[in-house]
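Residue numbers (this note's numbering), protein chains in the order written: chain F, 1 to 588; chain G, 1001 to 1168; chain L, 2001 to 2126.
Warning: the hint list may mix true and false statements.
[Said to hold, decoys possible] Just so you have them, the derived chain L footprint on chain F, three or more residues with Cβ under 8 Å:
#1 40–46
#2 52–58
#3 197–203
#4 250–258
#5 349–355
Since the hints were derived computationally from the structure, they do not count as laboratory data. Glycine included, C-beta positions come from ideal geometry on N, C-alpha and C.
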Amino acid sequence: MDNQYIFVWEPDPSKSKAVYNYLVKKVNDRNLGDKVEVFKSTYIGLTSSRPIIRILPNDTIYKDFEQEDLGEIFEAISSGRKVNRFLCEFESKIAPVPEKDSHSKQFKIVLRNVGYLDPENIDEYIRRGGYKAMEKAIFQMKPEEIIKEVKESGLRGRGGAGFSTGLKWELTREEPGEEKYVICNADEGDPGAYMDRSVLEGDPHSVIEGMIIGGFAVGCKEGFIYIRAEYPLAIERLEKALASAREYGLLGKNILGSDFNFDIELRWGAGAFVCGEETALMASIEGRRGNPTPRPPFPSQSGLWKKPTFINNVETWANIAPIIEKGSSWFSSIGVGKSKGTKVFAVTGKVKNPGLIEVPMGTTLREIIYDISGGILGDKKFKAVQTGGPGGGVIPEKFLDMSVDYETLQSIGSMMGSGGLIVMDEDDCMVDVNKFYLQFSVDESCGKCSPCRIGGKQLLDTISKITAGNGDMKDVQKIRNISMAMQKASLCALGQTTPNPVLSALQYFENEYIEHITHKKCLTGKCRDLVQYSIIPEKCIGCGVCAMKCPVKCISGEKKKPHLIDGNKCVKCGECFASCKFSAIKRS
Amino acid sequence: METQQIAQLDKRLLDFINEWKGKKGKEIMILHKVQEIYGFLLRALAMEVSRLIDLPLAKIYGIITFYHIFKLKKPGKYQISVCMGTACYLKGGNDIISELENILGIGVNCVTEDGKFSVEVVRCVGCCGLAPVMIIHGKTYGNLKKGDLPKILGEYGESVLLDKENHV
Amino acid sequence: MNKMKKGDLADFRRNHKSSHKGEVVISMGTCGIAAGGDSIYKLFESEMKEKGLDNIQLKKTGCLGMCFCEPNLVVKLDGMPDILYGNVDEKTAILIMNEHLTKKRIVNFNTIFMPTDDIGKKIFRD
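Isolated chain F, as found in the complex (with noise of 0.2 Å):
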């Protein structure tokens, strides 16, 4: 029998390492050390609320077991046998792929090699079947081929709307004209959300032969890349990438002898969220102000320098070689309904192991946050999670079953947006994290069309009101008021969506809204208006470690005596709440 290694994880081990001792006693006590090694991982691919063991080389994983269960277990990995019963399944119901991954509830077609190659060097994208898609689509598909193939594979973009990619494809490959352009949206300015920087700096060939296929596919000789200029790694390496992959002949004239000629150049953002929008991005790229323009024209009529032109963003782009080598059939099988292929989210905020993930659509938001991610931070409640930026809305516990893909996602308000999610604990505010979004969609309105530019201003106002403790019932449907406005009467998305973070608080956490009106209270502190902190004298024991944590110097008292917080000089920082072992200090 092959070396045997046992990985334990433990959801704490600063507190228990019941599972690990237990196992590395029992080999030591069979002598078994040269054979069989026992290890604490601090993550094993996936998360749970009970220790879970995994085994190699065989890669056998075990959960829910209980700790007299674990002499079975050992028994059966040190004579190479299987305990079934505690055996991890990891397919879903809900999101079904064509092969098992034996080990993960993710699946990579996007992130396909980020992490596996190096992606300044373009000999590793080719050696891992890079350009074998474009290959195969200059010298064996014709154009209407491709994009049959795009259509009926049901992609849909990953910017957020979840327009069917092969459809505006094809709508732009209609239009009469030669000069046509194709145009990567790399402009992520969700605040929380780093999806297409982790794929730009990861596997930028992936975006640069999905980009050729589509310009072979619609008949363009140039496409651009949109990029923000925050993301000056991702640029450095899309700009390195381009220049290998013209080197080597796989773009510029005459890709690999034939007679296609399509180029790519970088157009920086300038930080500007707006520009993240179809027609401001093209005025960005001509050089104009971000400003969007009313649509129709459509930029499959009318798009950058009026002529026809199709935009994807760069999780749609890394999606196309694999649906070219794989064909439609395969990349419709993964995921539900009308949501084909998978998704990556980034996930953020209050959980214990944020990062990036790619699922299939129809995965569960309790599979992402719980099984992938780790749970909540410091065992908090979960109250809420973000999905859709700014544009997005808030998704409340009872839905957290609920399969993740376009429809079901805006059937609850929400929205699939371009992918970050941002995990809330009890912790958070629900107003206030509205605040901070209204005060984001605020900065980045262009100010272009009134209901935006004077709507988000009205709506930050009048939160800001209730978050001071001036608020008033009639604020309430004031907010209803001009959000349905706006959602009816701006001219772009931004606009229309900055009203839905709040519109969906109000809608799940409506409590949290009349709380803050009627009682002026915050319960988690946030609103620091609606604040008091003072110390109960029967639990305090005068250690002292609040005063000196105090950034004001407002607290007093004498060493062992309770102390005294000076409510005209203190700025609510809650430090003293924070640092005070004993539970003595009140907020209210």
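Let chain F serve as the given structure and place chains G and L on it in line with the hints.
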């Protein structure tokens, strides 16, 4: 300063403009280059660029004032950019800003008297896993705590700061 | 490099033979670098040279997706399971070189896993 004439444009900029002159969508790329070389967009520079690429000054100002990245004021030698993406906000980005304001004695978008530091708030820099995050002079600092700031600023040779720290 | 023609890509893939017996892959996206991946890379570069570990390839890659334990890296040695180490500081880096790379012994410290199978390899199988 505003009216100061630019005697000779930096050669790197001239080369860049010559290279890009005939290209589509050059305007923003050229302004990026100006800012990269000079640190901000001095009026005289904007005028020069306007002349060289034959674009009205008003259009150039239209661009500069629309996009957050372009600066009309000279920034500090070391620019401190504090991330205020959602993840950083939730994990205490605000506290980092107020602490910086305390230590440096300046507000957001201001420059210290000696011209050494300036503080700005930026949108998500894409390091949400490390929240809260700030960037000083191109170097990213993650998992920040208020207490780390004096030491980090000290890396930029700010001894005055450390004195101040002792006073508190 | 001559410009490639039709069919050259397949030849290129076929004719590649690696002379390495394993690799160390360091996660170096923006957040990896911000967390110190850059200096870990340099440390490996110089130390591996000094220790004569030149049959192991050192390379950088994009974000491995596990932002919570940056900097992280993967060690892949022939005949051993792929091991991912998280929160790698200088001390751990040296341990990894002395134990894992030199003696083929997995370091019992901050071990984690690639969270998924290598699907990319399956998609583009020749």
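query = Of the hints given before, which are not true for this structure?
reply = none
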